[in-house]
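Asker: Each chain, letter by letter, is given below.
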Amino acid sequence: MRIDRRTLIAGLSAALLAPRRARAATVTDGAGRAVPVPARTERVFPAGPPAAIFLYTLAPELLLGWPRANRADEREFLLPDIGSRPEVGRITGRGNTANLEVVLALKPDLILDVGSTSATYVSLADRVQQQTGIPYALLDGRFDGIAAAYRTLGALIGRPAQGEEFAQATEKMVSTVTQRIGGISREQRPRVYYARGPRGLETGLGGSINVETIELLAQNVAGGTRGGLATVSIEQVLLWNPDVIITIDQDFAANVRNDPAWAPVKAVRDGRVHLSPKLPFGWVDFPPCVNRLIGLSWLAKLLYPALFPEDLRALTRDFYARFYHVTPSDAQIDRVLAGRD
Amino acid sequence: MTRPFLPGLGVALGVLVLGLIVAFTVGRYPVTLAELVDVIWSRATGGQPTAPAAVENVVLLVRGPRVVAAVLVGAALAVAGTAFQGLFRNPLVSPDILGASSGAALGAVLGIFFSLGVVGIEGLAFLGGLVAVAAVYVIGSFLQSRDPILVLVLTGVVIGALLGAGVGLVKYLADPYNQLPAMTFWLLGSLAAITVADLLPLLGPVALGTAVLLALRWRINVMSLPDDEARALGLATGPLRIAIVAAATLVTSASVATSGIIGWVGLVVPHLARALVGPDFPKLIPTAALLGGGYLLFIDTIARAAAPVEIPLGILTAVIGTPFFIWLLAGMQKNWS
Numbered sequence: 001m002r003i004d005r006r007t008l009i010a011g012l013s014a015a016l017l018a019p020r021r022a023r024a025a026t027v028t029d030g031a032g033r034a035v036p037v038p039a040r041t042e043r044v045f046p047a048g049p050p051a052a053i054f055l056y057t058l059a060p061e062l063l064l065g066w067p068r069a070n071r072a073d074e075r076e077f078l079l080p081d082i083g084s085r086p087e088v089g090r091i092t093g094r095g096n097t098a099n100l101e102v103v104l105a106l107k108p109d110l111i112l113d114v115g116s117t118s119a120t121y122v123s124l125a126d127r128v129q130q131q132t133g134i135p136y137a138l139l140d141g142r143f144d145g146i147a148a149a150y151r152t153l154g155a156l157i158g159r160p161a162q163g164e165e166f167a168q169a170t171e172k173m174v175s176t177v178t179q180r181i182g183g184i185s186r187e188q189r190p191r192v193y194y195a196r197g198p199r200g201l202e203t204g205l206g207g208s209i210n211v212e213t214i215e216l217l218a219q220n221v222a223g224g225t226r227g228g229l230a231t232v233s234i235e236q237v238l239l240w241n242p243d244v245i246i247t248i249d250q251d252f253a254a255n256v257r258n259d260p261a262w263a264p265v266k267a268v269r270d271g272r273v274h275l276s277p278k279l280p281f282g283w284v285d286f287p288p289c290v291n292r293l294i295g296l297s298w299l300a301k302l303l304y305p306a307l308f309p310e311d312l313r314a315l316t317r318d319f320y321a322r323f324y325h326v327t328p329s330d331a332q333i334d335r336v337l338a339g340r341d
Numbered sequence: 001m002t003r004p005f006l007p008g009l010g011v012a013l014g015v016l017v018l019g020l021i022v023a024f025t026v027g028r029y030p031v032t033l034a035e036l037v038d039v040i041w042s043r044a045t046g047g048q049p050t051a052p053a054a055v056e057n058v059v060l061l062v063r064g065p066r067v068v069a070a071v072l073v074g075a076a077l078a079v080a081g082t083a084f085q086g087l088f089r090n091p092l093v094s095p096d097i098l099g100a101s102s103g104a105a106l107g108a109v110l111g112i113f114f115s116l117g118v119v120g121i122e123g124l125a126f127l128g129g130l131v132a133v134a135a136v137y138v139i140g141s142f143l144q145s146r147d148p149i150l151v152l153v154l155t156g157v158v159i160g161a162l163l164g165a166g167v168g169l170v171k172y173l174a175d176p177y178n179q180l181p182a183m184t185f186w187l188l189g190s191l192a193a194i195t196v197a198d199l200l201p202l203l204g205p206v207a208l209g210t211a212v213l214l215a216l217r218w219r220i221n222v223m224s225l226p227d228d229e230a231r232a233l234g235l236a237t238g239p240l241r242i243a244i245v246a247a248a249t250l251v252t253s254a255s256v257a258t259s260g261i262i263g264w265v266g267l268v269v270p271h272l273a274r275a276l277v278g279p280d281f282p283k284l285i286p287t288a289a290l291l292g293g294g295y296l297l298f299i300d301t302i303a304r305a306a307a308p309v310e311i312p313l314g315i316l317t318a319v320i321g322t323p324f325f326i327w328l329l330a331g332m333q334k335n336w337s
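As you go down the protein sequences, you meet chains V and B in turn.
Heads up, the first sequence is in my numbering, so the first residue is 1 and it goes up one at a time.
Heads up, the second sequence is in my numbering, so the first residue is 1 and it goes up one at a time.
Keep in mind the hints are simulated off the structure, nothing from the lab.
If you're wondering where the values come from, they're calculated on a predicted model, not measured in any experiment.
Even for Gly, the Cβ is constructed at its ideal location relative to N, Cα and C.
It cannot be assumed that every hint is accurate.
To be verified - Chain V stretches covered by chain B per the calculated footprint, using a threshold of three residues with CB under 8 Å from any CB of chain B:
hint, region
1, 257-265
2, 323-331
To be verified - Away from chain V, derived, C-beta distances all over 12 Å, residues of chain B:
hint, residue
3, Leu13
4, Thr32
5, Leu92
6, Gly120
7, Pro148
8, Ile194
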């Protein structure tokens with residue numbers, strides 16, 4: 001093909017002008033930023049684990065890869081061809097592991113970040129969007145932000161109907177739980193201690209994203225102090241004397257029943273130490289995204305069995321079918337509910 | 001400069017005893033003095049305590065082990081620091097100068113990275129400290145030099161930096177939601193998780209290392225002289241140096257493995273002890289041990305009692321240690337001029 005000057009100029013100007021025209025429409029993201037809507041979205045780069053999970057639930061085939069490659073036991077609960085997509089690193093949170101040049105080489109139409117919408121992440125989003133020229137959407141990963149996040153993402157990738165469908169499903173899951181326990185005053189709700197780490201002495205303070213699931217349903221014994229994660233002493237746990245202990249650490253869950261130092265704690269005496277399921281993604285704590293919705297049902301049933309007569313296995317199967325696009329077998333659900341590796 | 005030994009040792013012992021009384025009576029869980037006496041008395045006589053079971057539990061299984069661990073770790077770090085300051089003839093040396101803490105840190109973060117249990121994490125930390133110092137020693141001795149002490153310290157600094165980079169790499173690769181906070185907490189140091197089961201693995205190495213250093217106390221005095229002078233006095237400086245380094249490393253690694261990284265104690269307490277009884281090692285080592293135990297006990301009592309949330313020990317020791325160290329430097333300036 002012969003290229004003369006005129007076709008060259010026409011081609012170049014089209015390349016320069018076309019995206020600009022296509023990006024005229026914008027959508028307001030979770031942080032109030034105006035994000036240009038890509039002309040066509042076929043490839044989305046997830047900035048961190050919550051974004052990868054969030055995008056996977058709504059539009060799995062758009063996911064370019066995972067911040068960290070999924071392990072075999074996690075892939076079992078994901079679509080085979082999507083769950084095995086490569087590791088691409090992260091460009092948010094604590095430390096970037098993705099190189100912006102690598103991000104550009106993957107040619108994403110959109111970069112998606114789900115999580116905190118604080119000024120730090122807003123400025124990060126603005127900088128990356130400016131540097132790469134790729135629209136960067138920042139969505140809120142908290143429970144009361146998830147529905148709006150689905151609508152925004154639906155609009156951004158040109159699937160508003162599906163976004164709306166997921167938004168409503170999310171709202172229904174949250175409102176079912178909150179409405180049923182609405183009649184129970186704060187003081188009457190069980191006092192829960194959230195235990196992390198092999199010794200069970202790391203916990204989430206009041207307002208921490210780590211205990212959002214627990215604080216929606218129960219009293220967090222460590223809620224008196226606001227903050228993130230912190231270490232506490234066994235003495236302090238004895239003083240709090242929680243009714244229920246929720247943990248994500250299977251070593252702690254296995255050992256606490258035989259540890260004499262923990263023996264006087266009410267939750268241990270009553271056998272109410274519960275290990276959270278975590279496949280393919282954590283049910284109560286991390287990543288802070290839609291994966292915690294099923295944890296909300298799990299925890300509600302544990303704390304208020306009379307108010308939640310539904311079969312947890314059926315709820316789990318429905319949730320996995322809708323959000324993870326797989327239908328686990330009974331044996332698989334057993335394994336998930338046991339919470340072990 | 002000689003100072004009377006017994007009054008100085010008495011002060012150190014007084015600090016420790018006072019620390020013990022305060023530590024046992026103060027804490028998040030309310031325990032009255034009467035309940036405390038009751039629990040200890042009934043345990044000693046074999047009778048049934050009248051105090052509630054929860055109080056007995058706190059005193060014997062929660063606060064008791066933690067107090068014992070604080071004393072052991074404080075004493076161990078102070079003794080190791082004292083021995084190293086003598087061996088390296090440098091008042092600014094702390095027990096981790098040869099990489100014991102950095103090695104333990106790398107061992108511990110690797111343990112957390114591979115999701116090992118508590119025993120695995122502490123075992124790796126202990127081994128990491130020993131292996132790091134052994135490596136420093138072997139490399140240091142391999143490099144022929146007229147000043148073996150200087151080469152050893154420099155090798156320790158360099159290997160320490162390399163291990164620090166290793167810790168950074170593991171943190172970078174760790175899961176940011178679960179493992180990274182656990183690593184951060186570990187590196188800040190805490191005695192929050194001490195149980196009775198932790199005491200024996202701590203006591204064994206600490207007792208052994210301290211006993212070796214106490215047995216060598218006269219020779220450490222001579223080791224404080226320049227190498228050729230010590231040799232002229234008929235001392236086999238090479239093997240002796242290995243023995244001192246091995247003993248100090250054993251106690252440091254065991255302490256760091258149980259408590260995480262706690263700076264300052266091994267640096268500051270030897271100076272306090274020297275101010276009390278002078279630089280003579282036979283007097284200095286027991287004084288530093290008592291003083292170190294009391295010092296860390298006071299700090300740990302603040303760490304666990306001040307707020308519902310633990311204050312990391314590494315932060316408290318630095319906040320309290322820094323002003324002291326600046327004061328110490330000011331005093332040294334006066335002596336120099």
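Asker: Now, for every hint given, state plainly whether the structure supports it.
Answerer: Evaluated hints:
1. Look at the region 257-265 of chain V against chain B: 5 of its residues bring a Cβ nearer than 8 Å to a Cβ of that chain, three or more, so the hint holds.
2. Taking a C-beta to C-beta cut-off of 8 Å, the region 323-331 of chain V contributes 0 residues in contact with chain B, too few for the three needed, and the coverage statement is violated.
3. Residue placement check: Leu13 of chain B keeps its beta carbon more than 12 Å from all beta carbons of chain V (closest about 27 Å).
4. Distance check for Thr32 of chain B against chain V: the nearest CB is about 15 Å away, which clears 12 Å, and the non-interface claim stands.
5. Distance check on Leu92 of chain B: its Cβ is at least 30 Å (rounded) from any Cβ of chain V, clearing the 12 Å threshold; non-interface status holds.
6. Its beta-carbon lying about 9 Å from the closest one in chain V, Gly120 of chain B breaks the requirement of being farther than 12 Å from that chain.
7. Under the 12 Å C-beta cut-off, the non-interface status given to Pro148 of chain B relative to chain V holds; the minimum distance is some 40 Å.
8. Listed as a non-interface residue, Ile194 of chain B fails to keep its Cβ farther than 12 Å from every Cβ of chain V; the least gap is roughly 9 Å.
Checked against the numbered hints above, the structure violates hints 2, 6, 8; every other hint is satisfied.
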